[in-house]
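*Asks:* Chains as they are written, first to last, in the numbering used here: chain F, 1 to 522; chain Y, 1 to 500.
Think of the hints as simulated: they come from the structure by calculation, not from any bench.
Every residue, glycine too, gets a C-beta built ideally from N, C-alpha and C.
The reader is advised that the hints may include incorrect statements.
Simulated DEER-style distance windows between Cβ atoms [as the list claims (entries may be wrong)]: (1) Y/Ile363 - F/Leu445: 56 to 66 Å; (2) Y/Trp467 - F/Leu51: 42 to 52 Å; (3) F/Leu463 - Y/Ile363: 41 to 51 Å; (4) F/His375 - Y/Trp467: 38 to 48 Å; (5) Y/Asp153 - F/Phe26: 38 to 48 Å; (6) Y/Pro453 - F/Gly464: 29 to 39 Å; (7) F/Phe26 - Y/Arg360: 48 to 58 Å; (8) F/His466 - Y/Glu102: 51 to 61 Å; (9) Y/Glu456 - F/Arg381: 36 to 46 Å.
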Amino acid sequence: MTGLTGLPLVTIVTFLPALGALVVAFMPSSRPNLARSMALGFALAAWVVSLIMLVGFVATDHADQFTESTPWIPMFGINYAVGVDGLSMVLVVLTTTLTAISILASFSPIQTRVKEYMASFLVLEVGMIGVFVARDLFLFYIFWELVLVPMYLIIGIWGGKNRIYATIKFVLYTLVGSLLMLVAILATAFTFQTAQAAAGAANPWDGAFSVAALSQAGASGMFGGTFGFLAFGAFFLAFAIKVPMFPFHTWLPDAHVEAPTAGSVILAGVLLKLGGYGFIRFALPFFPEAAHTWAPFIIVLSLIGIIYGAIVALVQPDLKKLVAYSSVSHMGFVTLGIFVFQEQGMQGAILQMVNHGLITGALFLLVGVIYERTHDRTIARMGGLGGPTPVYAAAFGFFVFASVGLPGLSGFVGEFLTLLGTFTVYPAAAAVATFVMILAAGYLLWMVQRVLFGDLSEFLRGLGHHLTDMKPIEALTLVPLGALVVVFGLWPGLILNVIAGSVETALAAVQSAGPIALGLWR
Amino acid sequence: MHFPDIVTIAPFIAAILVAAAILVADFIFPGRKVPALAVTFLGLALIAALVLLTGQTGSEAFATAPGAKGSYIVDPLTTFLDLLFVAIVALTMAFAPDYLEERGLPVPEFGATLVFAMSGAMLLAASGDLLVLFLGLELMVLPGYILAGYHKDDGYSTEGAIKYFLLGSFSSAIFLFGLAFVWGMTGTTNIAAVAAYMGQVNSGALPLTPGLGMGLAFMTTGVAFKIAAVPFHYWTPDAYQGSPTPVTGYLSVGPKVGAFALIIRLFAGALGDLAIDWTMVFMVLAALTMTLGNLVALQQDNVKRMLAYSSIAHTGYMLVGFAAFGAGNIRGMEGLLYYGAAYAFMNLGAFAVVAALQKRPGITSNLTTFAGLVRREPALAWLLTLFLLSLTGIPPTAGFFGKFYVILAAIEAGQTSTYGGWMTALAVLTMLNAAAAAFYYLRVVVYMFMRDPGEELPTLRHGRLVWTGLAVSTVLTIVLGLFPNVLLTIVGNAAAVFAG
Numbered sequence: 001m002t003g004l005t006g007l008p009l010v011t012i013v014t015f016l017p018a019l020g021a022l023v024v025a026f027m028p029s030s031r032p033n034l035a036r037s038m039a040l041g042f043a044l045a046a047w048v049v050s051l052i053m054l055v056g057f058v059a060t061d062h063a064d065q066f067t068e069s070t071p072w073i074p075m076f077g078i079n080y081a082v083g084v085d086g087l088s089m090v091l092v093v094l095t096t097t098l099t100a101i102s103i104l105a106s107f108s109p110i111q112t113r114v115k116e117y118m119a120s121f122l123v124l125e126v127g128m129i130g131v132f133v134a135r136d137l138f139l140f141y142i143f144w145e146l147v148l149v150p151m152y153l154i155i156g157i158w159g160g161k162n163r164i165y166a167t168i169k170f171v172l173y174t175l176v177g178s179l180l181m182l183v184a185i186l187a188t189a190f191t192f193q194t195a196q197a198a199a200g201a202a203n204p205w206d207g208a209f210s211v212a213a214l215s216q217a218g219a220s221g222m223f224g225g226t227f228g229f230l231a232f233g234a235f236f237l238a239f240a241i242k243v244p245m246f247p248f249h250t251w252l253p254d255a256h257v258e259a260p261t262a263g264s265v266i267l268a269g270v271l272l273k274l275g276g277y278g279f280i281r282f283a284l285p286f287f288p289e290a291a292h293t294w295a296p297f298i299i300v301l302s303l304i305g306i307i308y309g310a311i312v313a314l315v316q317p318d319l320k321k322l323v324a325y326s327s328v329s330h331m332g333f334v335t336l337g338i339f340v341f342q343e344q345g346m347q348g349a350i351l352q353m354v355n356h357g358l359i360t361g362a363l364f365l366l367v368g369v370i371y372e373r374t375h376d377r378t379i380a381r382m383g384g385l386g387g388p389t390p391v392y393a394a395a396f397g398f399f400v401f402a403s404v405g406l407p408g409l410s411g412f413v414g415e416f417l418t419l420l421g422t423f424t425v426y427p428a429a430a431a432v433a434t435f436v437m438i439l440a441a442g443y444l445l446w447m448v449q450r451v452l453f454g455d456l457s458e459f460l461r462g463l464g465h466h467l468t469d470m471k472p473i474e475a476l477t478l479v480p481l482g483a484l485v486v487v488f489g490l491w492p493g494l495i496l497n498v499i500a501g502s503v504e505t506a507l508a509a510v511q512s513a514g515p516i517a518l519g520l521w522r
Numbered sequence: 001m002h003f004p005d006i007v008t009i010a011p012f013i014a015a016i017l018v019a020a021a022i023l024v025a026d027f028i029f030p031g032r033k034v035p036a037l038a039v040t041f042l043g044l045a046l047i048a049a050l051v052l053l054t055g056q057t058g059s060e061a062f063a064t065a066p067g068a069k070g071s072y073i074v075d076p077l078t079t080f081l082d083l084l085f086v087a088i089v090a091l092t093m094a095f096a097p098d099y100l101e102e103r104g105l106p107v108p109e110f111g112a113t114l115v116f117a118m119s120g121a122m123l124l125a126a127s128g129d130l131l132v133l134f135l136g137l138e139l140m141v142l143p144g145y146i147l148a149g150y151h152k153d154d155g156y157s158t159e160g161a162i163k164y165f166l167l168g169s170f171s172s173a174i175f176l177f178g179l180a181f182v183w184g185m186t187g188t189t190n191i192a193a194v195a196a197y198m199g200q201v202n203s204g205a206l207p208l209t210p211g212l213g214m215g216l217a218f219m220t221t222g223v224a225f226k227i228a229a230v231p232f233h234y235w236t237p238d239a240y241q242g243s244p245t246p247v248t249g250y251l252s253v254g255p256k257v258g259a260f261a262l263i264i265r266l267f268a269g270a271l272g273d274l275a276i277d278w279t280m281v282f283m284v285l286a287a288l289t290m291t292l293g294n295l296v297a298l299q300q301d302n303v304k305r306m307l308a309y310s311s312i313a314h315t316g317y318m319l320v321g322f323a324a325f326g327a328g329n330i331r332g333m334e335g336l337l338y339y340g341a342a343y344a345f346m347n348l349g350a351f352a353v354v355a356a357l358q359k360r361p362g363i364t365s366n367l368t369t370f371a372g373l374v375r376r377e378p379a380l381a382w383l384l385t386l387f388l389l390s391l392t393g394i395p396p397t398a399g400f401f402g403k404f405y406v407i408l409a410a411i412e413a414g415q416t417s418t419y420g421g422w423m424t425a426l427a428v429l430t431m432l433n434a435a436a437a438a439f440y441y442l443r444v445v446v447y448m449f450m451r452d453p454g455e456e457l458p459t460l461r462h463g464r465l466v467w468t469g470l471a472v473s474t475v476l477t478i479v480l481g482l483f484p485n486v487l488l489t490i491v492g493n494a495a496a497v498f499a500g
C-alpha cells in the first residue's frame, strides 16, 4: 500500500534531499546563491511531500502506512522496508520543517564553501528521515550512521574556534554506541534466526531484520534472560548517547557551542530525537522484559539528567551553552516519560520530543541572531537588548516562556503529561522532576533578565548601528516555529491523535512483561 | 569439467608468459611505457579470461579439477582469489606509472615484477601440495622485496627493502622448517593426504606427536609473519613507509591476500581437522593484531605509516573471520573472503590518492601535506574521504559490509560453538577497535577539510590511468557496500569448498 497517490511517497521524501545534494554538489562554486536557493527548493519539496503524507495519513489505522518493501540481501532476509506510523509521521514532518528552516537560516551566516554546506545538510536530512521511516534493522543502521558524516563535516568545517575537538568528540561518542548496537542487532537477528530454524521455517533468516517480526518475537518473550539484558544494554548505550542522557551527555555542550547556528538547530531539533525514537521503536518492543529490568536505573539517570542539566545551565556564562544544558534537562523528561511505561507518560515524552525540537530550535536560532551581530555569546557582556531591538526581545521572551513551560504554549503540555504519567507510577520521581521546573524558570528567566533588561551594556553600545533588530528573513525562520508552539499548546490533541496508535503499540508488549530475574539484579 | 593438466594450469602459465612478454616489449621499444602498459593490461585481461574459462564458478562445481597429480587444485576458491589478484595488480599498474615516471624509475620492469609476483599468488591459491604452497609463497614474496627497494637511490626504500627481505626470508625459513617436520611425521606433502592424516590424529587413531606439534607451531609462526599479525609485525611499518607509495599500496594488499590464501589452504585445507587446536591461537592473534595495530596507528603523523599500521588492524579483522571459521562457522570464511576483496579495493584506493599527491618527488606523506587539500584538489580529497570512511566501516560502503559480515560470523559462532562467550567478546572487541580506528582515519579528513594549508603546494595534473583506476575503486567500494548480493554468492561458493 503506498497511500493515496499510488506513489512511493516514503522513498520520495527520503531520497529527494539526496537528489538535491547531488544537484547542489555539481553546481559551480562561483554562484553560491544558486546553491542556496536550490537547496532550499529541495528541502521545501521534501517538506511538501511530507505534508502530503500527513494529509493522507489515517490516524485511526494503527498499523504502518505508506509501506514499501523490496528484497535487498535475500540471503539474510534483509529488505528495503520503509513505512510510517504516527510517531514516525510526526517526526518526519518535524525533520523536513526544521531542515527547511535551518537551510533558510544559513543563508547569511554561511559564506564559505556554500555548496558543500548545503549538500551536507541535505544528506543529513536523508539520514534523519531514513532513521524514522526504516522498518528493517539493517536499513535503519545504515541511515543511523549516515547521519554522522554530514554532521561531522558541518561542525568541523563551519563551526567555531574549537570545532575540531568538538566534532571528533561527537563522532567518537556516537560511534562507540552505535557499533556496540550493531553487535546487539546482529545477535538479536541471529537469535531470531535460530528460533525460526528450530521451528522448522523454510528460510529461517526471513524477518530476522524486520522490525515488525522482531517486535512480535520480543512480545512473545524470545529475547529474554541474560541475552535480552545485555542486548538491551547495547541498544540503551547507543540511544542514551544520542539523547543524551547523563552521564553520556558531555559531547553535547561542546558540539552545540561549536556548531554553526543551523547545525545546533538540527542537532537539538532532530538528532537528539533519534535516541528517544530508538527507545520507543526498537528497545521497548524487542526487549520488554529487559526494559523493565533496566527501567529503575534509567529513571534515576533521567532524574539526575533533569536536575543536573538545570543546575549546570544556571551557571553557564555562555548563551549557547546554557541552551545546550537546558536540552539535557528537557530531554530527561523524554526518557523519564518513556520508561514509566504508562500511557500519559509516553504521550508526554513524544510531545516533549516535538516541542523541544521546536522551542530549542527556535532558541538556538535566536542565539544565532545575536551572534551574527555581536560575534559574542557571553551573557555578562549583554544587557538592555530590549531597547534597541524590541522585535527580537519579544520573540526571545516568547520562546523562553515556551521553554519554561508556560501553560498555553506547547512546552507545558509535554512536561505536564510526563509528570502526570510519572506520578501514577513513581510519585517521588514526579515530585523531584516537578521541583526542577522551578529551576528551569530560574535559569531561563534570569538569562532573559541579564540579556534583555537593564541599561544597554558597554559592549553592545560599542557596536553602534551594527546592533540592528531582526531582519525579515530571520523573522521568517521563527514565525512557523512560534505558530506551531501556540497551536500545539492549545490543541495538543492534534499530535496526540496521530501518535495514539504508536503509543498503544509501544506499550502493549512492555506493559504485560515483568522484569527479568537475574542473579545479580532483582 | 575435467581438463588435461596443461589447460588446468593455463592461467598460471599465461601469467608467467605475460610477465616475460612485458620484458620483451621493453626490449623492442626500450624506455617507452605505452607498449609495456598495453602488453600488461592486455595480458591481465587474457589471464582473467583464462581464469574464468578454466575456473570453477558454479556452486554445483566443487568437483575440483586437480591438475598435476593433485598438486594444483582449481576450485571456486582458486577462481575467486585469482580474479582478485588480477584486479589488484591491474589497479596497482594503473596507479604506479605517474609516480614512477616522475622519479625516473622504469615502468616496464615494474609491471613485469608485479605480474611475476601475481603468478606466485595464483600458484599459492591453487596449491594442493605443501611444497607447491611454499613455492608459490616464495614466488610471490621475492618480487615483493625487489619492489620494496625499487627506488634504489632512496635510502629509506633500500632500508625498508632490506628489513622486509631479512624478516621475510627468516619467516620463510621458519615456515619451511615446520613444513619439513610435518612431512617427516606424516610422510606426505599432499594437502589432501595430510588432511586425511590429521583426521586420524583428531579421532585419536594416531598420536599428536611432539614433532608434529613443533611443525605446526613453526608453520603458524611463519604464516603469522607473512600476514604481519602481532607480535610478528615489526617489519611492516618500515617496509611500508620506505617503499615507493604505489608499491606500499600493493604490498599492503596483494601479499596480504596471498598470505591469507596460504592460511586458508594450509589451516582450512590441510589442518582443518585440527581446528580445535588452532582456533584459539587465531582468536588471540586476531585480538592482539587489531588492538595493537589500532593503538599504534593512533599515534602516527605520517599517513603512509598510519595506513601501514591500520593494515595490521585490518589483518586482525580478517583473522576474526578465520577464527569464526575455525569455530565451525563457514560464514567466517565467507566473511574473510568478502573482507579481503573489500579491503583490497578501498585500501588500494586510499594509497592511490596518497601516491597521486606525492607525484612530485620530495612531497612527504606527512599529515601536513593533506592540510587544506579540499581547496587544492577537491576530487582527490573527496575520494580519499570515501576510502577512509570505508576503512572505518561507515555504511554504505564495502568496508562496512565486510565488517558486518565478519562480526555476524563471529556472533553466530559465539552462539553455536563451544567458544561461546569468547567469540562474542571478540566481536565486541572488533567493534570497539573500529571506533578507535575512526579517530585516526577521521584525523586525515580533519586535515583535508578543516585545516588551512601550511605551505602552498602546487596543484598537480594526474594521468588518465590514475583517474580510471580511482573510478574503478570508487565504484567497487560503493557497490560492494550497497549491493553485496553478487559477491556474497561468489564468496559463498568459494567458501563452500570447506563446508562440512
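*Asks:* Output the indices of the hints that this structure fails to meet, ascending.
*Replies:* Violated hint (a single one): 7; every other hint is consistent with the structure.
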